[in-house]
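The listed protein sequences correspond, in order, to chains A and B.
Okay, so the first sequence: first residue is 973 according to our numbering, each after it adds one.
Okay, so the second sequence: first residue is 72 according to our numbering, each after it adds one.
You may find that some hints are simply not true.
Going by beta-carbon spacing under 8 Å, a handful of chain B positions derived as facing chain A [as the list claims (entries may be wrong)]:
{"id": "1", "residue": "Ser352"}
{"id": "2", "residue": "Ala550"}
{"id": "3", "residue": "Val553"}
The list that follows gives simulated cross-link-like pairs (lysine-lysine, BS3-like), each with its CA atoms no further than 25 Å apart [said to hold, decoys possible]:
{"id": "4", "chain 1": "B", "residue 1": "Lys228", "chain 2": "A", "residue 2": "Lys1081"}
{"id": "5", "chain 1": "A", "residue 1": "Lys1081", "chain 2": "A", "residue 2": "Lys999"}
{"id": "6", "chain 1": "B", "residue 1": "Lys445", "chain 2": "B", "residue 2": "Lys228"}
{"id": "7", "chain 1": "A", "residue 1": "Lys1332", "chain 2": "A", "residue 2": "Lys1406"}
{"id": "8", "chain 1": "B", "residue 1": "Lys228", "chain 2": "A", "residue 2": "Lys1137"}
{"id": "9", "chain 1": "A", "residue 1": "Lys1332", "chain 2": "A", "residue 2": "Lys1271"}
{"id": "10", "chain 1": "B", "residue 1": "Lys377", "chain 2": "B", "residue 2": "Lys445"}
{"id": "11", "chain 1": "B", "residue 1": "Lys377", "chain 2": "A", "residue 2": "Lys1081"}
{"id": "12", "chain 1": "B", "residue 1": "Lys437", "chain 2": "A", "residue 2": "Lys1130"}
{"id": "13", "chain 1": "B", "residue 1": "Lys444", "chain 2": "A", "residue 2": "Lys1081"}
{"id": "14", "chain 1": "A", "residue 1": "Lys1130", "chain 2": "B", "residue 2": "Lys508"}
Hints listed in this document are in silico derivations from the structure and should not be mistaken for laboratory results.
The beta carbon of each residue, even a glycine, is placed where N, CA and C say it ideally should be.
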Amino acid sequence: MNLTLVPILAVLVSLVAVPLILLSARKPNLREFWTIAAAVVKFGLVLTLIPTALEGESIRYVLWEIAPDLPLALNADPLGIFFAVIASGLWLLTSFYSIGYMRGHGEVKQTRYFASFAICLSSTIGVAFSANLLTFILFYEMLTIATYPLVIHSETDKAIAAGRKYLTYTLTAGLLLIAAAGITYSLAGTLTFQAGGLIPEGVMDQSTAIILFLLFLGGVGVKAGLIPIHSWLPSAMAAPTPVSALLHAVAVVKSGVFGVIRVVGFVFGPSMMMDFGLDQILIVAAGATIILASLLAFKQDNLKLRLAYSTVGHLSYIVLGAALLTPIGFTGSILHISAHATMKITLFFCAGAIAVNLHKKNISQLDGIASVMPWTMAAFTIGSLGLAGFPPVNGFVSKWYLAYGSLQGDMLIPVLVLVFSGLLNVGYFFPIIKRAYFHEGGSELDNHSEASPFMVVPLTITAVASIIFGIAPNLFLHLFDMASTAATSLF
Amino acid sequence: MIVSDLPVLIPLTFLVSALVVTLFGFWKERWGYPLAVLGTLLAVCLSLYGFFQVMDGSMMRYEVGGWAPPVGIEFVYDTLSAFIVLVINSVALIALIHSRVVGKTEFPGKRGGYYAVAMLLMFGFNGMVITGDLFNLYVFLEISSLSSYALIAIGDKKAPFAAFRYLLIGTVGGSLYLLGIGFLYVVTGTLNIIDMSAMLPQVIDNSAVIGGLILMVLGIGIKAALFPLHGWLPDSYTHASSTSSALIAPIGTKVAAYVVLRIMLYLFGDQLVDIGLPVTSIVGALAALGILYGSIMAMAQSELKKMLAYSSVSQIGYVIMGISLSNPFGFIGAVLHILNHALMKGTLFLVAGNLREREGHTNILKFDESYRKKYPWTMAAFTTAALSMVGIPPMAGFFSKWYLALGTIQNSNWLLLAVILISSLLNAVYFFRVLEKVYMRSSASESTSDTERQEVVPSMLWTTTIAAAALIIVGLFNASIVAVIQHMIPAGL
């Protein structure tokens, strides 16, 4: 089968759905049909690429030159396919969940919501399949703009303020990225991602390298939620929960960490990172973020905010894995993209289901809810255990490889950071579970039962998937093999 | 048609149109519009044809009246001037087609004269771009300036005052430029640009040459609204009629910037470094200050047209900065930005015209959510242009900034790079301020669900959307435009 066109089709399919969604604004069922159809087709297209990724091959498709010597080009390599599988698979589930959530909540402007969501997913797949830095920037900026209407969706003052903050952070980041790309272009004469680094040896000295790396880090670090440039993420929780679930736990933030991996592995390359000591910068930034974010999570009573800070911490697991510069470390890092995605989306789905069903948003109100929402809380428990790193959930596997990777690089401190952060994760998730299961619920819980199946089914699926991929990481999607193929290609 | 006559035919089309419009326009006022559009359409066809003749980097030289240069006046139609002529005439065509309804409401009874003056303005602009003679350039400069004073004076109550101020400042600019030519003529004995540029190396140490250069750049700088010589611009653009601002704002300052480019990169070229004065750095610094000043002032405006006017001050800074970088990337960025900004500002002023026509005002503070329902296409055009101004790929605006950024990197001029990037953010601030009002804030007065669509008439709507669509098309296919621009890069850059 000829797969040449699959990457571009995978990008375009949700973009094509946008006008259809807009045109069927007055027929909600038809409108949602387009979303689901696009999600199914997109996921199917991405799935056909898996065999290619497993062989370590990539599919290159050049659209046209957008600037001299700088084509608008897609390249579906193992890393990109891995990310695309996660993003498009979870979009499918989120689409069902969105329908339940948006209708259950009686939200306004649902057409704008579903249209923006579709553009976001096109951009995310574009980010995953970008063959060069300029194409990457193009989709990265598109993602920024398309997420904005979702952040300000409720149009309250708080949401609008969050939207402004979001734009300030992400547009600034985009500019730093453009500056970094410009400098890279003038140094290397090309912007095409190259496994092992695109900048040739000896074209820059230590200080240039550090400045360039910091520019890149500013560019991709904002979406990756590195402290101290993370604070747009908690604010962006003003968005509807499906947005927080897919975009602010998977698509947008993972584009950021995906960018970090691209910069580390495909722009600088492991050996240059090592030579200039850039890995040290990244390890310190990621390590500090992991610990600080976990501590900040304790303070939050709002469930979504606690999850947001937890996301900030876990994104830096991925960054840390990339900074280790060992094949095993990269494998762990890439695996954690999928592990954190399935677990955190489960938790956000649960938070949304609780909010729609019981109108409770704070942790202190969750007493006894497990008795009325058993499925939801079971899924929540699985997700929390996984994030804390307990087997057999998939969070354990990726964490194991991260720790193994740092030992492979003769580094002990990252291991200690991971262990300590695991304890902190237990510390901030356990009270929620304890309240839900062991505290006596109030009378307002009477007459309530489990949330709508549109929400419960997706969150159960993601929770089960978390366990399946924890026991058998290679089942169905060959996630583990793809991750290790992508990681070894760098060395 | 004889191809070699093209250089002179294009400006002449406008001169003839001016006469025809005057003749018929005074007889029957409503004839002004179709005749002006027809004349401009003809000019666009000629410029398009001419552009394809010289897009490979070749050049047509036309001796006016058969007098051989350097004695006679010469028109030089090379790739660069063909490109600029095509850009300004196309944008003018869009603005003029758009003006049908605006003309009836904003200057009834004066339409005949108005379109005649508009044709004269375009005659002046085309002449400035195509002429190869410094003094002839002055003549065309004055033709275009006098016409633009008249066009700007046709507007709201404050327009005549703004036009008068522009007249005073503009005349000083013209005179400074003339003085500058005088200095150079005394030293070199020629007014022909190609001729003079060949002679300059021998006399470059002469202080009159430096004086001449400074006077010329100052004089044209006023016309280009180069900071801090921009004082005339904001009021003029704000108070002029929608058509005048849509016609003059996108192209007026660009033509002046083009003259700066001709003087600095073609006339002086690599002599600029031997001149004993860091002209390029000074001009670059002024451009950078203008970029920041214009953006900051734009943020403070509550009147949409004034915001756009200050934004023009800022955007012209990009073009001038690209010129001052004196390297290929800077050159590409500057020329591409002339095109991009003409389209962006054209779109934005057309949107302002649409809103004025429907709402009677363009006060940003009074914008609300109902606009999105009432004018979906107009607002979509505005959004496209705004994103392009901010520099979001794949809109056109991103790419000129990209080349300018590469230019600053090539010169290791990190300060200018920072200015380009910061200004993009400032652009985002003042455009999202408007977008937020239109798309987010709920209408203060009534529910918007029953608001009817009240989009403007097709002649206005189509021109606006075509201009906006052009931004995306130019952005996506800018590589082929850049390939042509690469033929324009003067030797030695």
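Verification of the supplied hints:
Because the closest C-beta pair between B:Ser352 and chain A is about 20 Å apart, greater than 8 Å, the hint is violated. The interface hint given for B:Ala550 is met, as the beta carbon of that residue sits about 4 Å from the closest beta carbon of chain A, less than 8 Å. Given the 8 Å rule on beta carbons, the hint for B:Val553 holds: about 6 Å separates it from the nearest Cβ of chain A. A hinted pair counts as satisfied when its Cα atoms are at most 25 Å apart, and B:Lys228 with A:Lys1081 does not qualify at roughly 42 Å.
For the given pair, A:Lys1081 sits about 13 Å from A:Lys999 by alpha-carbon distance, which is consistent with the 25 Å threshold. A distance of roughly 28 Å separates the Cα atoms of B:Lys445 and B:Lys228; the hinted pair therefore is violated under the 25 Å criterion. Proposed proximity of A:Lys1332 and A:Lys1406 is supported: the alpha carbons are some 16 Å apart, at most 25 Å. Taken as a hint, the B:Lys228 and A:Lys1137 pair is broken in the structure, with Cα atoms around 40 Å apart against an allowance of 25 Å.
Only pairs whose Cα atoms come within 25 Å are accepted, and A:Lys1332 paired with A:Lys1271 is accepted, the gap being roughly 18 Å. Between B:Lys377 and B:Lys445 the CA atoms are separated by roughly 23 Å; this keeps the pair inside 25 Å, and the hint holds. Of the pairs offered as hints, the one joining B:Lys377 and A:Lys1081 is violated, with about 33 Å between alpha carbons and a cut-off of 25 Å exceeded. For a cut-off of 25 Å, the pair hint linking B:Lys437 to A:Lys1130 stands: about 22 Å separates their Cα positions.
Distance check on the hinted pair: B:Lys444 and A:Lys1081 sit about 13 Å apart at the alpha-carbon level, within 25 Å; holds. In summary, the hint linking A:Lys1130 to B:Lys508 is supported, as the alpha carbons are separated by about 15 Å, within the 25 Å threshold.
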